[in-house]
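**Q** Note that numbering that gives the first Met the number 0 gives residue 196 to position 197 of the sequence shown, counting from 1, and the numbers run on in steps of one.
Incorrect hints may have been included.
What the hints assert, rightly or not - In silico DSS-like pairs for lysine-lysine, Cα to Cα no more than 27 Å straight-line:
1) Lys204 to Lys222
2) Lys122 to Lys133
3) Lys122 to Lys30
4) Lys248 to Lys199
5) Lys133 to Lys191
6) Lys163 to Lys72
7) Lys222 to Lys191
8) Lys72 to Lys130
9) Lys30 to Lys72
10) Lys72 to Lys222
11) Lys163 to Lys204
12) Lys199 to Lys252
13) Lys72 to Lys9
14) Lys122 to Lys9
15) Lys133 to Lys30
16) Lys72 to Lys204
17) Lys199 to Lys255
18) Lys191 to Lys255
Read the hints as simulated data drawn from the structure, not as lab findings.
What you are looking at is a predicted structure, and each value in this text was computed from that prediction instead of being measured.
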Amino acid sequence: MNYQCPLCFKSLQLINNNYRCEANHQFDRAKEGYVNLLPVQHKGSKDPGDSAQMMLSRRQFLDAGHYQLMRDKVAEKLAGYLPEQNQSVLDIGCGEGYYTDYFLQSLLTQFSQATVFGLDVSKVAIRFAAKRYKLVNFCVASSHRLPFPESSIGAIVRIYAPCKAEELSRVLIPFGILITVTPAAEHLQELKALIYDEVKLHPEKNEDLPNFNLLDECRLNYKMNLSGGEAYELLAMTPFAWRASEEVKQTLKQSKDSLYTADFLIRVYQYQGE
0 MNYQCPLCFK SLQLINNNYR CEANHQFDRA KEGYVNLLPV QHKGSKDPGD SAQMMLSRRQ
60 FLDAGHYQLM RDKVAEKLAG YLPEQNQSVL DIGCGEGYYT DYFLQSLLTQ FSQATVFGLD
120 VSKVAIRFAA KRYKLVNFCV ASSHRLPFPE SSIGAIVRIY APCKAEELSR VLIPFGILIT
180 VTPAAEHLQE LKALIYDEVK LHPEKNEDLP NFNLLDECRL NYKMNLSGGE AYELLAMTPF
240 AWRASEEVKQ TLKQSKDSLY TADFLIRVYQ YQGE
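Work out the full structure: start from the sequences and follow the hints.
**A** Written as structure tokens, this is what we have:
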């Protein structure tokens, strides 16, 4: 499957390490192997997405295995529901590739033709990902206009990442699969208690997804035993970091091992389009 030009929406062909469409729009493949399909006029800011520091924090935290249970559960659902007629998978908001590569490795044990794409708006994140995970197809692109043709993807995974329902419907094949991961009620409540005077449970909202049927839903709740440094890395990779005072950050760094709640809601949808 070929990428789609983000400017004219024609198919992109890889020729001499450059992606080019019929309209002669050209996108170079970086030395790390990814392609940047986010035109300047679509950025919205100079460097959209997560920063290098956030990526470093995320990589250290994820490499320690604290979200492994969630990763493995999503991979299990993906292997169980992946359509036989199209074994291409798109991980939207893939970050530094921790989940994306695992999805590919686990799928290849069952599906020899499995292909996995990782997409993120952050160029820093995609560079991190492509340097480490060589078998995944990574691209810098907007989730609001996915650089893929209509009805070309068998399954999409979204771990916290936003994307318009119309775009999901456009690129998924009929009866393709969408897997979402969102925070459940108690997710990181101990971390929130350090920042907010009143800790509110995460609302469990039903996403507005026309033409999608909910096939499967499960909640994954467990405790993580984190050192002060690990708790700080966790804070740094979440939106809570913007609200945390310098005092809270220093307190976390110097704290002893503590328990923190991981609480995820994992849903599997099927697209009912024609």
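**Q** So, for every hint listed, does it hold in this structure?
**A** Here's how the hints hold up against the structure:
Between Lys204 and Lys222 the CA atoms are separated by roughly 23 Å; this keeps the pair inside 27 Å, and the hint holds. The suggested pairing of Lys122 with Lys133 holds, with an alpha-carbon distance near 16 Å, which does not exceed 27 Å. A distance of roughly 13 Å separates the Cα atoms of Lys122 and Lys30; the hinted pair therefore holds under the 27 Å criterion. Taking the CA atoms of Lys248 and Lys199, the gap is about 21 Å. The hint holds against a cut of 27 Å.
A threshold of 27 Å between alpha carbons decides the hint, and for Lys133 with Lys191 the separation of about 36 Å lies outside it, so the pair is violated. Simply put, Lys163 and Lys72 have alpha-carbon atoms about 24 Å apart, close enough for the 27 Å limit, and the pair holds. Between Lys222 and Lys191 the CA atoms are separated by roughly 15 Å; this keeps the pair inside 27 Å, and the hint holds. Simply put, Lys72 and Lys130 have alpha-carbon atoms about 26 Å apart, close enough for the 27 Å limit, and the pair holds.
Taking the CA atoms of Lys30 and Lys72, the gap is about 33 Å. The hint is violated against a cut of 27 Å. For a cut-off of 27 Å, the pair hint linking Lys72 to Lys222 stands: about 16 Å separates their Cα positions. Between the alpha carbons of Lys163 and Lys204 the distance comes to roughly 16 Å, so the proposed pair stays at or under 27 Å and holds. Simply put, Lys199 and Lys252 have alpha-carbon atoms about 24 Å apart, close enough for the 27 Å limit, and the pair holds.
Between Lys72 and Lys9, the direct Cα distance comes to roughly 36 Å. Violation of the 27 Å bound is thereby established for this hinted pair. The suggested pairing of Lys122 with Lys9 holds, with an alpha-carbon distance near 23 Å, which does not exceed 27 Å. For the hint linking Lys133 to Lys30, the alpha-carbon distance of about 11 Å falls within 27 Å, and the restraint holds. Taken as a hint, the Lys72 and Lys204 pair is honoured in the structure, with Cα atoms around 21 Å apart against an allowance of 27 Å.
Proposed proximity of Lys199 and Lys255 is supported: the alpha carbons are some 25 Å apart, at most 27 Å. Of the supplied pair hints, the one linking Lys191 and Lys255 holds, its CA atoms being roughly 17 Å apart against a limit of 27 Å.
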